[in-house]
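Both chains come to you apart, so use the hints to assemble them.
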Amino acid sequence: MGRLISAEFRKILTTKMWWALLIPTVALAALWSIAGNALIGLVLDSINRSVVAGELRLNFNNLPWSTLIFARTVNITALFPIVFGALALSSEINRRTITTSYLTAPNRGSLLSAKLITYAIWGLGFGVVITGVASIGTFIGSRPEQLPDAVSWLEIAGAGILSCMLWTLLAMGVGALFGSPIGAIISLLLYTLLVENLVGTLLPDNWPGILINGSADGLTGSVASQLVVDKVSSISPFINGEAQQLFSDLIRAGAGARGAFDWWISALIFAGWTAVFAVGGWLMSKQRDIT
Amino acid sequence: MHDGSGRIVVQGLSKQFGPIIAVNNLSFTVEPGSVTGFLGPNGAGKTTTLRMLLGLVRPTAGASTINGLPFEQLGNPGRVVGAVLEAQGFHPTRTARNHLRVYAAAMGVPDQRADQVLELVGLAEAGRRAAGGFSLGMKQRLALATALLGDPQVLVLDEPANGLDPEGIAWLRAFLQSYARTGRTVLISSHLLAEIEQTVDQVVIISRGQTVYYGSLDYLRQSQQSRVLVQAADPQSLVAKLQEAGVNAIEPTPDGRLAITGVDRKTVADLAMAASIALYDIQQENVDLEQLFFRLTQGQYTGQQPGYGAPPGYGPPPGAGYGPPPQGYGTPGYGAPGTPPQGYAPPQDYGTPPQGYAPPADPQQYQQPPGYAAPQQYGQQYGGQPYAPPQDKQQAAPPPEQPPSGGWGGNA
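Chains A and B, in that order, are what the protein sequence lines are. Per this note's numbering, the first sequence starts with residue 1, numbered consecutively. Per this note's numbering, the second sequence starts with residue 1001, numbered consecutively.
Chain B with its partners taken away, still in its complex shape (with noise of 0.2 Å):
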């Protein structure tokens, strides 16, 4: 029997279709208790991934174990795992009921449990029509329901917010932190960080089917080095003073605003106000996460430029069990003006995961992103286009505030 630990765990998974690796050497655990986000851009594996996890595609290399066992020897499966893996597995013209009541049977567990799990996906209503005629939003509910079914201790979603109406993602970001929280695990799957930034806690980031990162997502959003925008009545006194108290890394932006990376807010207004300057404007920046994930899997779609190797500071973290970064680090040019890219290196200890993880033999297998497109490009995200800090972004989606057991309300 399996352990019941709700530990997913992954290791050196490789994946070959005819001459395409679609998967290379991945590892990574997945904890229970947490939401672990499991990123990429599309095409980067993740799909691949998960259905080796469950069973249904078998490795070239590697393993993976659910609960300390490979998925075919967990028994009566159902039970421990529940996947949603695709909005379109269901007979056209069987109804949403009938449908979950195939599975209860060969999962066994009573009938009831179709109508609880309609319920809790808000789809009682829609329960007797034919999932055929259902919506893209309706069908992934119905996948969720079909995945609920056993009561699982592992939920695994690909891609589960395709087709959600915003209200339908708020209602599912509630109910996979509170499945979370009962101490069982949840692993999501997404090629939009913004989408499951708010949920989870974890996130494996892979990219051309390797990992680029793996750890939590708090280390990697304090590994951003914030930055102070500051408009200043007098610039060039307030730059003085700064360099004064020992900041150097000021930057003016085009707008003619002051970009100061290493100090918080608070620092440079104190300092302002000693020099009497006159402050207009002052707000912290923090890089959004998002374009940190676009630069880790970049190089996705664009060919292997010889010469860049991982961007400083974004690739692995040096030490902790990856390989040291490859030549071509810090290509001449390359560095942005006074901002040290090391800032955006996830913290040193990020890389100590739990047991089970194996340190890549090949330092080249991290070479990634291969194809870090240009200085511009980090320029470009220094120069101060994106002056609205990006957390407004993130707040413009709704919060979970639903409770789990509300239901998804809407087209239901």
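Chain A with its partners taken away, still in its complex shape (with noise of 0.2 Å):
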């Protein structure tokens, strides 16, 4: 296992993709961090000009805002890590090089096992970049008043790795069902930035959080509303019970994360998506014929 495991990761390093990826992938964090929090800075000023927010003694200034921001950051920004995965196997099919692959691997159930090691370990490695751009973007863009504490760090940090990688392995395994780099990639983009967002809204209740996509963005943007929805007490004394709630689904929905359940159930929902689609991937390229 560890000989395919380091084949793989010369496949990977000996092609271009990686970086081809990574590159966008920062440049994206960095923009969506900075951007967003700088974004919520200019909200935040109109609404402490605004003569509401004066009236009701309102203030919205501490409440850890960039968190949410990072939490969008790491839900689009994963889709590079989508396309990563997708071309672990699919490409090989495509390329024709999975002939040489599985001839010299034990057998289809070892050389699988093998991409899935090596691509969690990119996937976490994909979500370490991801977060860390995204940390500094929000330590740049945000005001030092919203920014969450270490701890509340930790943890939103922890999930936007664990999110990165199932999405590797969730879109190895689509990859592995279509065989074709280009109907897994299409179809996962598709999916994820089109289709589930307008399913989603025509959804009630938790609905859209039992869905791939609305799951994965449980996963981080649950961990994010809660720590700003912790705070939402601090906002005004006159915010409680209904006007909480509301406030609350609010802010989910901020975060990306709308009738997204707890961020550890959402975490295993997202996780029982990518083994469907690891275990269909596998059991396809078990049948497959390379002719």
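Hints may be right or wrong, so weigh each one.
Said to hold, decoys possible - Non-contacting residues of chain A with respect to chain B, defined by C-beta distances greater than 10 Å in every case (computed): (1) Leu4; (2) Asn61; (3) Ile76.
As the list claims (entries may be wrong) - Short derived list, chain B residues pointing at chain A, Cβ under 7 Å: (4) Leu1056; (5) Leu1069; (6) Glu1072; (7) Gly1075; (8) His1091; (9) Thr1093; (10) Arg1094; (11) Ala1105; (12) Ile1277.
The set of hints was computed from the structure by calculation and includes no laboratory data. Think of the CB as a built atom: it goes at the ideal place given N, C-alpha and C, for glycine as much as any other residue.
Here it is, written out as structure tokens:
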């Protein structure tokens, strides 16, 4: 197994794909985290200047808004580990290198296991880069009073890394199922960026949180929105009960996790989806004739 | 663990792709220490068979083993079998050397081995170039280098000569022969008998997914009856003299020569001498193996014609595990004058293959080639058109004079 994993690492490192994906990953993460936090700053400024906020003595300034941007940054940038994972097996099929890969592995199962482990590691790597860049971007773009504390930051960064890893593996499973890079990438992007957003808006309550993207967004978004929601009471003593609930839901939606469950339930649901696609891709790969 | 025998056994292998039967109950054995040719026209099922043997395609029925085990039980298969299946399995931007290092890691051989095999196939200087920019011939060599990476006991090559220049083909030929001489197994497929005729010792000939001949190439060669072509000053007298001597298989050819079957050149010359008949020209003509191959695999593209069974003598030999020739044998009007068709039958003993060969249960299966064309074609072959001895054509190919270590030269 060690041999096959080292071969997989060589496969990745001897082509340009990994850094061709890493560059836009870093750029997008930086852009979102800096611009997003700057935007929040502008919005807060205009709220602070508004008459209503003044009258009601609402203070939005001390909530960790930056975590919402952090979660959104991770969710959007995960697009690149998704592409990376989708190519893991499908590009080998497309390039026909899969023939030699199967011929030099004890059996298909061992090759697929080696790929799963390798891409889990790379997915983690992408997650570390994304959360790292997002952290730096947040630090630059956010106002100090809106930053999370260290523990909260660790929580949200951990959730982001886990999310990236699961996305990579899920995409790898989809790639293995489809057997075609174009087919896998287009359907993954169309689904996550368009289909599920449309379907999600039609679903009531917690239903969007059960879906693939919904649970993935919930994993990071719930951590972030919870951090903010915990501090909702600090906005104003007048916000309580139903108003607080409404406000919390708004914040969740703002974190891109409308209807999501708690982060750990979201993580389990998303891990379940990852397993479904990974197992599907595995079974398909075992069956597929390499002609 | 595998038994280390180097033997390939294919038993009752079948593969159906949707409605298409690509391979139908195919059986043969490949022994170590020899180069075995796997022949058949395009679409006969060669590639599918090799891919089933290598675990890439799942057979619909039957099984195959290498060293006594199915491919997926070989442990570290790259060290047991090397395969050249296509000249395309490279990432276009990965360098040749990196490609080899990937698979060196996968099979656990040291990285230096990548440079060794590059050297061996004459790609040392191209090693740091991306494989996408390689010519077809260079890709074939890189594919061969990949196959050799694990120093395997068994080599399986699917049409490896495609894209190679004549020099490369000569090198490959010598290389494979020396490889087999070290007691290893080489199985090489081709759709051209001439291409591998000088390389192989054994042949498995398939057509439409079924075996039509399986045995030694020498048997096949010997089984062809040669004939002597003479240009005599007095043909009538020579015919009379020959008939006196009991030689009756005599035919005039369109250009005025006599074609005599069943005797050698010396006998004819001696008889002519004794009868004081001047001979202007005398030559022995062996029937081209390629033509025989063509005949064995005919029907691949023509439809099933009822009434024609295996052409006499060309089909599988009687006995020896093969079913009897089916009805339709010897259709009236088929037999060519003066040429006993049985002369083409591979010898009786060809069919006693090594162990593990399952005789087909159904004689119909060997009703090949069903679309056997027509007497005209038969006549054509004997009609004297291909006067030049076919060997000439084969000699046109460069002999394998280069030692295998010599590299490929050429367009590296």
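Mind verifying the non-interface call on leucine 4 (chain A)? Its CB should be farther than 10 Å from each CB in chain B.
6 Å, violated
Given histidine 1091 (chain B) as an interface hint, is the shortest Cβ-Cβ distance to chain A below 7 Å?
5 Å, holds
Should the interface hint for isoleucine 1277 (chain B) be scored as holding, given a Cβ-Cβ cut-off of 7 Å against chain A?
At 62 Å from the nearest chain A Cβ, isoleucine 1277 (chain B) fails the 7 Å test, so the hint is violated.
Status of the threonine 1093 (chain B) interface restraint (C-beta, 7 Å, chain A)
6 Å, holds
Agreement of hint glycine 1075 (chain B) with chain A interface, Cβ distance less than 7 Å
6 Å, holds
Interface hint for arginine 1094 (chain B), Cβ within 7 Å of any Cβ on chain A
Since the shortest Cβ distance to chain A is 5 Å, the answer is holds.
A closest beta-carbon separation below 7 Å is what the hint needs, so does glutamate 1072 (chain B) meet it against chain A?
Glutamate 1072 (chain B) check passes; min Cβ-Cβ to chain A is 4 Å, inside 7 Å.
Isoleucine 76 (chain A) and chain B, when compared Cβ to Cβ, separated by more than 10 Å
For isoleucine 76 (chain A), whose nearest Cβ neighbour in chain B is about 28 Å away, the distance exceeds 10 Å, so it holds.
Can we keep the leucine 1056 (chain B) interface hint, with Cβ of chain A closer than 7 Å?
At 4 Å from the nearest chain A Cβ, leucine 1056 (chain B) passes the 7 Å test, so the hint holds.
Do the numbers back the hint for alanine 1105 (chain B), that is, is its least Cβ distance to chain A under 7 Å?
4 Å, holds
Tell me if leucine 1069 (chain B) is really an interface residue toward chain A, meaning its C-beta lies closer than 7 Å to one of theirs.
12 Å, violated
Just double-check asparagine 61 (chain A) for me: nearest Cβ-Cβ distance to chain B has to come out over 10 Å.
51 Å, holds
When the structure is compared with the earlier hints, violations turn up for hints 1, 5 and 12 and for no others.
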